[in-house]
Amino acid sequence: AQSVTQLDSHVSVSEGTPVLLRCNYSSSYSPSLFWYVQHPNKGLQLLLKYTSAATLVKGINGFEAEFKKSETSFHLTKPSAHMSDAAEYFCVVSDRESDFGNEKLTFGTGTRLTIIP
Amino acid sequence: DTGVSQDPRHKITKRGQNVTFRCDPISEHNRLYWYRQTLGQGPEFLTYFQNEAQLEKSRLLSDRFSAERPKGSFSTLEIQRTEQGDSAMYLCASSLVPSSNEQFFGPGTRLTVL
Numbered sequence: 001a002q003s004v005t006q007l008d009s010h011v012s013v014s015e016g017t018p019v020l021l022r023c024n025y026s027s028s029y030s031p032s033l034f035w036y037v038q039h040p041n042k043g044l045q046l047l048l049k050y051t052s053a054a055t056l057v058k059g060i061n062g063f064e065a066e067f068k069k070s071e072t073s074f075h076l077t078k079p080s081a082h083m084s085d086a087a088e089y090f091c092v093v094s095d096r097e098s099d100f101g102n103e104k105l106t107f108g109t110g111t112r113l114t115i116i117p
Numbered sequence: 118d119t120g121v122s123q124d125p126r127h128k129i130t131k132r133g134q135n136v137t138f139r140c141d142p143i144s145e146h147n148r149l150y151w152y153r154q155t156l157g158q159g160p161e162f163l164t165y166f167q168n169e170a171q172l173e174k175s176r177l178l179s180d181r182f183s184a185e186r187p188k189g190s191f192s193t194l195e196i197q198r199t200e201q202g203d204s205a206m207y208l209c210a211s212s213l214v215p216s217s218n219e220q221f222f223g224p225g226t227r228l229t230v231l
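Chains as they are written, first to last, in this note's numbering: chain A, 1 to 117; chain B, 118 to 231.
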């Protein structure tokens, strides 16, 4: 069974300072890992994904995440926060037994990021 | 707009009524997923289709829930005899396998059961 733990339900940072959103995962197979962002009244948007290629993954809007198998972590970072980054962030894991297996996503409970002006 | 669309965006109903939601995936996407998101939680998997075949259902999907994708394009999710606990955001996503495992999400249908 797969699962995701987002270690912080709320994170507040000042504009221009670094962002760190923490995520640990559990997976029976070789996992794919994702970070999605959800702005108020908008749909989920994919920030970045890891699918067994490079362990440091770069995404949109300056975000990146590093896959660390030994720590079962996939933390999301950004060097400098912007006001527009305020949103809910979800760490997501997907197990895939084969190319045609079910790729249902298992979401964490989310981290609400607040940016202080 | 060529993204995933869902209709209606909002639905308010009384307990015991039946409701039906529609999802139109990205054209040519062969996979279609339904998720449910309650307040303060992440989305939870409900069911998915490969073309017109429904291949897996979560135990969250009680007998009152039914989903179809009759022609392998759009999908409907019906909830019979709604209960207040059904109040949630219902999300649809689509993907094209095996080319990519990225799921594209629609804006969701927010259901309120009074």
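FYI, nobody ran anything at the bench for these hints, they're computed from the structure. Source: prediction; values computed, not measured. Even glycine gets a Cβ: it sits at the ideal position worked out from N, Cα and C. Worth double-checking, as some hints may not be accurate.
For lysine-lysine, the following BS3-like pairs were computed, each having C-alpha atoms within a straight-line distance of at most 25 Å [claimed, not checked]:
id, chain 1, residue 1, chain 2, residue 2
1, A, Lys68, A, Lys42
2, A, Lys42, A, Lys104
3, A, Lys49, A, Lys104
4, A, Lys104, B, Lys131
5, A, Lys104, A, Lys58
6, A, Lys104, B, Lys188
7, A, Lys42, A, Lys58
8, A, Lys42, B, Lys128
9, A, Lys69, A, Lys42
Just a few of them, taken from the derived set where beta-carbon distance is under 8 Å, the chain B residues facing chain A [claimed, not checked]:
id, residue
10, Ser144
11, Asn147
12, Thr155
13, Gly159
14, Pro160
15, Phe162
16, Tyr165
17, Phe182
18, Phe191
19, Asn218
20, Glu219
21, Gly223
22, Pro224
23, Gly225
For each hint, the structure was consulted:
no.: 1; hint: Lys68/A to Lys42/A; in the structure: violated, 31 Å
no.: 2; hint: Lys42/A to Lys104/A; in the structure: holds, 21 Å
no.: 3; hint: Lys49/A to Lys104/A; in the structure: holds, 15 Å
no.: 4; hint: Lys104/A to Lys131/B; in the structure: violated, 31 Å
no.: 5; hint: Lys104/A to Lys58/A; in the structure: holds, 23 Å
no.: 6; hint: Lys104/A to Lys188/B; in the structure: holds, 21 Å
no.: 7; hint: Lys42/A to Lys58/A; in the structure: holds, 23 Å
no.: 8; hint: Lys42/A to Lys128/B; in the structure: holds, 17 Å
no.: 9; hint: Lys69/A to Lys42/A; in the structure: violated, 32 Å
no.: 10; hint: Ser144; in the structure: violated, 17 Å
no.: 11; hint: Asn147; in the structure: violated, 10 Å
no.: 12; hint: Thr155; in the structure: violated, 11 Å
no.: 13; hint: Gly159; in the structure: holds, 3 Å
no.: 14; hint: Pro160; in the structure: holds, 5 Å
no.: 15; hint: Phe162; in the structure: holds, 4 Å
no.: 16; hint: Tyr165; in the structure: holds, 6 Å
no.: 17; hint: Phe182; in the structure: violated, 16 Å
no.: 18; hint: Phe191; in the structure: violated, 17 Å
no.: 19; hint: Asn218; in the structure: holds, 5 Å
no.: 20; hint: Glu219; in the structure: holds, 6 Å
no.: 21; hint: Gly223; in the structure: holds, 6 Å
no.: 22; hint: Pro224; in the structure: holds, 4 Å
no.: 23; hint: Gly225; in the structure: holds, 7 Å
The structure does not agree with the numbered hints 1, 4, 9, 10, 11, 12, 17 and 18 stated previously, though it agrees with the rest.
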